[in-house]
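Q: Since the structure of chain U is already known, use the hints to place chain X on it.
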Amino acid sequence: MSLVRNAKLINRKFITYLIPSILMIFAMQFGSLVDGILVGNFIGNEALSASSLVMPILYVVQIPGFALGIGGAIVVATLLGKRDEIGAKKAYSFSLIVGMGISILFAAIAYPISAPLASLFSDGNALYQQYATEYIMMYLVTDPIITFALLIGSFMAVDNNPRLSSIFYILSNIAKVGLEILFIKVFDWGMYGAALSTGAGYFVGLIVVIFYFASKKRMLKITFNLKESSGKEIFKATSTSALNLLLTAVQMLIVNIFIGKLFNDFDLIIYGLISNMVFLFDLLCGGVLNIIPNLCGIFYGEKDYYSLKSIARKIYWINIIITVLISLFILIFPKAYCQIFGFTPTENVDYINTMLWVYLISFIPYEINKFSMNYYPTIDKNIPSMLTVLLRELIIVLPLTLVLLFTHGLLGYSIACAVNEIATVIIVYVFILIYDKKKKYKGILMCEDIDPETFDVSLENEEVNASIVSEQIIEFAKKHNVPDRESSIVGLAAEEMVDNIICYGYKKEKRNYIDVNMKLVDDTLLLRIRDDGVPFDPTKYDFDENENYSTSGIKLIKNLTDKISYMRILNLNNTVLEIKIKGV
Amino acid sequence: MEISIKHEKELVVSLKGRLDTVTSVDFTEKMNKEEIKEEVVIIDMKELEYISSAGLRALLALKKSLSACKKELEIHNLNPICQEVFKVTGFNNVLTVK
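Protein chains in written order, with the numbering used here: chain U, 71 to 654; chain X, 27 to 124.
Only chain U is shown next, with the shape it has when bound in the complex (with noise of 0.2 Å):
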């Protein structure tokens, strides 16, 4: 019998990632629905439109927490993937204090900079201008709050506790309505209880990390110590974000100025009601597409491409069915959708309809688009990410929104939206085509070949497998020219360490699945062992030096190998067995 590889034990992380993440991106996106609610109904539309109009300042405020929190995670993931364990400290140090130092700065600002800021929303309504005055300050003052839990947040689930952070998400948007509520209309605090109450809430979500911090699981912890701590790797991996972000807060400012002055109060109506589709999209799609950095960022520092095609592959396919399921019920009740944000459609509906399925067909490209943003910085490729930022968020989506919105109204508007989103598209995947060329990497996921000299099987646990691994591993080892002994050596560390976990690695009888990869690196052999297991560190296995002999598998090959390794990642042990080849 062959052994061959699949992603069976991989895709168990995928799903035991996946529903934490969308349930957080879900929690997250319904805070924001319902501070729009509650700052509409209690405090009034003026309010609302104020904490509307200062969003783009809002998304410069969250570059420290939400950009860094995803670079810093994608580093300290690559670095995990490497078993770099201090790189992944440091890398994870560094994030948070760079974050913390420059969103302690905008607190530090908040006082002299909020009114001016303000001013240039609020077109010279003294009302705008208190609201988005109020906002802005107590925004800034508590974004040291906010980063610190955008921060921990991403390290919590990149950091073997994907769940603790989902958890940590949600109980925090759920005490933010709470006290938004609290502040609002109990203490009457206006619009500094708005938006003292996403700080607020996140302070209460502190809670969970309490939890995190006691967590065994837990590798990242701070260190002061940052030299070569990846500063540069992680404004790289950040930088996608970041410009996103910017460029997402300029192009709102000048879109929505034009929208203003070229539309008319029904068009404005429907612009509300086509521009919150991406808000639906995104609370559908967001959380697939968050864990990106999780789990492709640890198999690329590994290496093991094939996990990584695997999981993105899935991403990339998940993504595109849930927007065609979304987009097929929009299109076929066009109403009922209206329904969910308050509008019954009772005239022009063909105009409305028109509306809703011009600016639908943007979507799937969207979500490509938003895919390469939140991939291609993971695999270390950022031109393709920024080039996409560049494209969807500037040089396209200006110019043609503007000269559309000018000639064709609201309906231009829709057009340069799925014109940009289909352009974005296919020039970046040109440019992928070319580069791939270039770079001799392999279609859209831009990954280097695999390695046809690396062994590389899954397994299930069966103790007759880990004899058939075993031969296996010495069989090609042998093929690729590695001495005899090492051979050996290499196929009984396979045997013994599988065996090891067949026998006393599962609580319960069910199929369970081995990773088991060997390569050679220069003069060494790597044999790296994956199992979703109880966690067991064969480093820290304890046997009695003194006894005259010992039949234990692990005290076996820890006397054989050079080297062994262990970590635990993705919730899965990782151990690596190095064998030195003698008189190479």
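No lab work stands behind these hints: they were computed from the structure. Computed from a predicted model, the values in this text were never measured in an experiment. There could be a bad hint or two in this list.
Examples of chain U residues lying across from chain X (beta carbon under 8 Å, computed) [as the list claims (entries may be wrong)]: (1) SER537; (2) SER558; (3) GLY561.
Glycine included, every Cβ here is placed at the ideal spot set by N, Cα and C.
A: Relative to the frame of chain U, chain X by itself:
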């Protein structure tokens, strides 16, 4: 794994291939079924390429059962890798290796 048994002055058990997780079970079963009248049992490992901890445990179990009947177990002709396995596990001290 191939197991051939010859009843001579001693009982000579020749092993060929691998003594691992799977084959050690066959080895133990075969030895349990064998009627051993000889005083000494020799395991000839000349053609045994590979032995894992499961194989070692099978040999140890055999040694214990033979000792109970006051019989001896000898291991002959270990190849270099099997010798190394015996050495690092201390089996060269427990079993009679020749």
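Q: Can you name, in rising order, the numbers of the hints this structure does not satisfy?
A: As far as the earlier hints go, not one is violated by this structure.
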